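K.L.:
Chains as they are written, first to last, in the numbering used here: chain A, 96 to 211; chain B, 6 to 117.
Warning: the hint list may mix true and false statements.
Said to hold, decoys possible - Okay, the calculated bits of chain B under chain A, using three or more residues with CB under 8 Å as the criterion:
id, segment
1, 21-34
2, 72-81
What the hints assert, rightly or not - Within a straight-line C-alpha distance of at most 20 Å, the following computed SDA-like cross-link-like pairs (lysine to any residue) qualify:
id, chain 1, residue 1, chain 2, residue 2
3, B, 47, A, 159
4, B, 62, A, 100
5, B, 47, A, 100
6, B, 47, A, 155
7, B, 47, A, 207
8, B, 47, A, 209
9, B, 47, A, 105
10, B, 47, A, 139
Derived by calculation from the structure, the hints in this document are not laboratory data. Remember, predicted model here, so these are calculated numbers, not experimental data. Cβ coordinates follow ideal geometry from the N, Cα and C atoms, glycine included.
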Amino acid sequence: EAGVVQSPRYKIIEKKQPVAFWCNPISGHNTLYWYRQNLGQGPELLIRYENEEAVDDSQLPKDRFSAERLKGVDSTLKIQPAELGDSAVYLCASSSRSGGSADTQYFGPGTRLTVL
Amino acid sequence: GENVEQHPSTLSVQEGDSAVIKCTYSDSASNYFPWYKQELGKRPQLIIDIRSNVGEKKDQRIAVTLNKTAKHFSLHITETQPEDSAVYFCAATRGSNYQLIWGAGTKLIIKP
């Protein structure tokens, strides 16, 4: 079974430029998460999707960040414009909810973003 | 708000000895507690998890204990090996929306 796929793995951009990250979750997983992980810290949830619906985006900085999961499978996270403080690893995770309880989240390899 | 505290931030143990990492949580509705291992530059990987209806779970050299009354849970690694060196994160669900609240991580160093 293929794991969570993310691209690109690394991205270096100038501040004020746009950037986009792509995630393909594990087949059959209806829940998809985008996290940001700063160096030396735990992952911080940005947005969670149940199928194509964003059910928790309370921590997404909506002035510059946007996300979509149009067909309930792949997802894209965009930053426009990027700021220096956005440098981090952006992790995508997926899970298969069942029985009304939390399920294991499987992470992708992440995209390491450097904003210069 | 919901908070997960993790201690210690760094733990150095001799190879072969045991390591214990502790976490406390604040939301009494939390019902799922996973532990993730993250090696440098790699993705977090689940190593063990426990649900609120269970007090202890073991998987070979790894075990997790949960004390719901005290709101704390611990990771135990026995007979530590060099490949156990990594950062370990605990997490707890936030109420009923299945969001995970993460601890700050523990850097485990196994000394040869």
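K.L.:
A separate judgement is required for each hint: does it hold in the structure or not?
P.N.:
Tested hints:
no., hint, verdict
1, 21-34, "violated (count 0)"
2, 72-81, "violated (count 0)"
3, B/47 <-> A/159, "violated, 27 Å"
4, B/62 <-> A/100, "violated, 30 Å"
5, B/47 <-> A/100, "holds, 13 Å"
6, B/47 <-> A/155, "violated, 24 Å"
7, B/47 <-> A/207, "holds, 11 Å"
8, B/47 <-> A/209, "holds, 17 Å"
9, B/47 <-> A/105, "holds, 13 Å"
10, B/47 <-> A/139, "holds, 16 Å"
Of the numbered hints stated above, those contradicted by the structure are hints 1, 2, 3, 4 and 6, listed in ascending order.
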